[in-house]
Amino acid sequence: MTAYCKTCLPPAEIKQTDNGFNIIMELPGSSHDDIKIWQEKGILTITGEKKAPSGERVFSERVFGKFTRSFRLSEDADLDRIEANYSDGVIIVEIPEKESAKPRNITIK
Amino acid sequence: MFSTITHEPKHNRGVLNLRNEMDRMFRSFYDDHETPNGHWTPSVDIVDEKDKLTLTAEIPGVDKNDVKINLQNNILNIEGEKKQELEEKDDNYYRSERYYGKFCRSFTLSSEVDSEKIQADFDNGVLVVTLPKSEKVQSRQIEIK
Chain B
17 MTAYCKTCLP PAEIKQTDNG FNIIMELPGS SHDDIKIWQE KGILTITGEK
67 KAPSGERVFS ERVFGKFTRS FRLSEDADLD RIEANYSDGV IIVEIPEKES
117 AKPRNITIK
Chain F
61 MFSTITHEPK HNRGVLNLRN EMDRMFRSFY DDHETPNGHW TPSVDIVDEK
111 DKLTLTAEIP GVDKNDVKIN LQNNILNIEG EKKQELEEKD DNYYRSERYY
161 GKFCRSFTLS SEVDSEKIQA DFDNGVLVVT LPKSEKVQSR QIEIK
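Top to bottom, those sequences are chains B and F. Counting the first sequence from 1 gives a position; this note's numbering is that position plus 16. Counting the second sequence from 1 gives a position; this note's numbering is that position plus 60.
Keep in mind that the hints are not guaranteed to be accurate.
Residues from chain F that face chain B, not an exhaustive set, calculated with beta carbons under 7 Å [unchecked claim]:
1. Asp-105
2. Ile-106
3. Pro-120
For the record, the hints were derived by calculation from the structure and aren't laboratory data. We put the beta carbon where it would ideally sit given N, CA and C, even for glycine.
Bound-form chain B, shown alone:
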């Protein structure tokens, strides 16, 4: 088994919510301006950079550098209403479902 590239890709989580899906990614130490998120042809891409602080490290486990991760979105995703928030080193991209994709009750006439 080859060694994992365990830290060069920020860990992500995909979670179903009442309104759709959330993509959650851990980007500790990135600043708001270092992160870009865009959607093209149903593929959501998050790119950014973790910048190394200055100074000589005597003990080093953290990994710094650029990263890119892409996620193929469901056809039910409402691409115009995607929102993202970054706080405490975690980015949360909220991807709501289209109203037409939500389950609804049909009244019997």
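Given chain B, work out where chain F should sit, using these hints.
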């Protein structure tokens, strides 16, 4: 290849659970970020400067009130917990590569640190502990008379 943890709805557990356990076992061999008892290990850097040591630990998503730092006998101990929002709905299927739970790390500091002046900040998911060296251990140039 990167590791993923698949969380399945309760009714799907069984064979998949066995598979997850196998994955978990292999992961614990190759990945030191999660220990078998469910704890995880945040990545830490230490920078040694002339007058201080700066320790940075990546703890994204952790509430700063859930972190405790103490220094005793030159051993710096950082412990805390990353709490997971529990939404155990049967249809709430999600995939996760993130680690949750308690963490604890201890570091023996080589230089004598002025414990009164330790400062800790939490910014963008990174804990920054500044440990000023006490004046008596700071190197100084001695003039030849």
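Going down the list of hints, with the structure as the test:
A cut of 7 Å between beta carbons decides the hint on F/Asp-105: the least distance to chain B is about 5 Å, and the hint holds. For the restraint placing F/Ile-106 at the interface with chain B, the shortest Cβ-Cβ distance is roughly 4 Å, inside the 7 Å limit, so the hint holds. Taken as an interface hint, F/Pro-120 checks out: its beta carbon lies about 3 Å from the nearest beta carbon of chain B, inside 7 Å.
Of the hints listed earlier, there is not a single one the structure fails to meet.
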